[in-house]
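> Spelled out from the first residue to the last, the chains are:
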Amino acid sequence: MNKQRDPLFHIVKRAALPWYKAWGIRAAAIVLALILCALITTLITGEDPIQVYVTIFEGGFGTARRAWILFHNLAMLLIVALAVTPAFRMRFWNIGGEGQVLIGCLASAACMITLGDKLPNGVLLAVMALASILAGAVWAGIPAIFKARWNTNETLFTLMMNYVATQLAAFFIIIWEVPKGSGTIGIINQSTMAGWLPQVGPSKYFLNILIVAVLTVLMYLYLNYTKHGYEIAVVGESERTARYVGIKVGRVIIRTLLLSGAICGLAGFLLVSGSDHTLTTSLAGGRGFTAVMVSWLAKFNPLFMIFTSFLLVFLARGAAEISTSFGLNQSFSDILTGVILFFIIGCEFFINYKLSFRSAKKEG
Amino acid sequence: MFDFVAFIPRAIVQGIPLLLGSTGETLTEKSGNLNLGIPGVMYVGAISGVVGAFLYEQAVPTGDLNNFLAVLIPLLCSLLGSALMGLLYSFLTVTLRANQNVTGLTITTFGVGLGNFFGGSLIKLSGASVPSLVLTRTSLAFTKTLPFSGSLGWFGKIFLSYGFMAYLAIAIALAVSYVLNRTRVGLQLRAVGENPNTADAAGIDVNRYKYVATCVGSMIAGLGGLYFIMDYAAGIWANDTFGDRGWLAIALVIFTVWRPNIGVLASFLFGGLYILYLFIPTGTNMAVKELYKMIPYVVTLIVLVLSSMRNKRENQPPAALGLAYFREER
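Chains as they are written, first to last, in the numbering used here: chain P, 2 to 365; chain A, 366 to 695.
Extracted from the complex, chain P is given alone in its bound form (with noise of 0.2 Å):
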């Protein structure tokens, strides 16, 4: 840098800045990202921008069904979101979602298949939950462990615990499978519905919104207004200040993983029980890497991440509906949805930092 001359501008950190300003810049880095992302199909397929966001739309909340898939997938990615949340609080890097949620799934599809026709339905339910949760909270409880005891690199440590729960769910469906030599195992107990939640309200999905929608309160009390929830906001502040004042750091990461864990354990559940019934490798459906996404943008904030979890839902079956309606193929939503991303990650700047112009700081 030409240290003679002063630079054109600088950059200076801001004080916090209002809610309303900071949000306002967010919307403003979405519409030009929409904005961008019209331009780029429009180019690609030659259709006016308009009417892409019209089938944008219409892929969301075409018909009634569409909206209830729709708010299903919102209520799944937020409940892996909840789940990942209070460890990011920690700077915990849970990126092991997927393999969490993943072996949730696989532990109700086994109580499902195994179980099926030799409990009640309400215990069966029951044993399910439990299983699935049990299963996730010991899936985060490892790397947690590792961790606290030996500070092992919990990043790599959840990706590759992703891969483990992959391939023994793989080894599990084709135990299992139905027929024999498909290598899937279809819908379980089709016939009985033994370990299916029942159907509540207007949808079958209904059931699981109401439950993510209670979990996303109550999580967010846990965070804001438990004792617990300081703790994590202490070491997650700084892991000397929380030593110095009595935490067992220790402790509250395992603590805090167990119940990271059960969380996506409790969203396999309810995608196995509640919504797929059945069990494929890749049911947790990237929703584990998504929901960093959705934890991040809402500043770790459980009521925010309803409307950033909203936002990434939508964009990506719109995006999908622009593929199909259009005749791309399917990863176009993937690219739509990382020129957003990158929109929204790049706003963050604006928000903690401001531009002094070089004729700007001689005034001041």
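Some hints could be false.
Part of the chain A face toward chain P, derived, beta carbon under 7 Å [what the hints assert, rightly or not]:
no.	residue
1	457
2	467
3	470
4	517
5	518
6	521
7	524
8	673
It is worth saying that the hints were derived from the structure and are not from the lab. Remember, predicted model here, so these are calculated numbers, not experimental data. The beta carbon of each residue, even a glycine, is placed where N, CA and C say it ideally should be.
Fit chain A to the known structure of chain P by using the hints.
The following block gives chain A in isolation, referenced to the frame of chain P:
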């Protein structure tokens, strides 16, 4: 009897993409940037090369390709594509100081989407009846081996049966290792990754080092994607074939404790573990094969745990890994 002469070459061709990916990521991480976008970057490296090769094959509809151009065009396209991804990552994390984990994951989504989108579109364009794009003629140029390698028995098979990119990968890994540990540039780069404040005070341009290391690292990683398609997969692109190798490459960085020269052997070992399930006789029990596929991940976990237990100072990640640098912040 375990067939080593068949196993070792296959382990090595499996290992080369991992080696390139992890060398690139090591270089990037040494500058303090944890690029979790490497899987995406490798996809982009692969598809850029495929697009280049596709266009060149279209331009020469019949007969043999000029071997030199058939290699050069995809190579340059691949380097350009992955460098752009590296640039995007650096712009977001270095200039705009965004969170590296989130940016990296987004780069992965974006890159994999980009790869599959263009891959899928090219498959459509080529009008193939199967969902894959065949670039055999380009691949032939990439897989050319030394003329006498076939006549040397097991020695030829194990050491000389690879296309030039395999040797290039090893050379790059050794060169990066040399630069990092034996040159001034490497020393300054490591300083940036360990403590950017001190590096800045010593007059090192922190941002420039981060940008260059990330972009060059991405280019190296992108070559891994190109090698996979052109050499390993014999020029056949099908969506999602590259799989999770990008993540394994990142795991390999830790496995090798940030040393590309160890990476040469470690990646072959990993490649071997990755395909071990094909060589363990299981009879008709298909399910157990799925368990054997777990081996590379479990081994990574064990290494991760052991290296953290030993906790030697020289085996630690760069101290400022994952943190954005802002001069005015202390």
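> For each hint given before, does the structure comply? Return the numbers of the non-compliant ones in rising order.
4, 5, 6, 7
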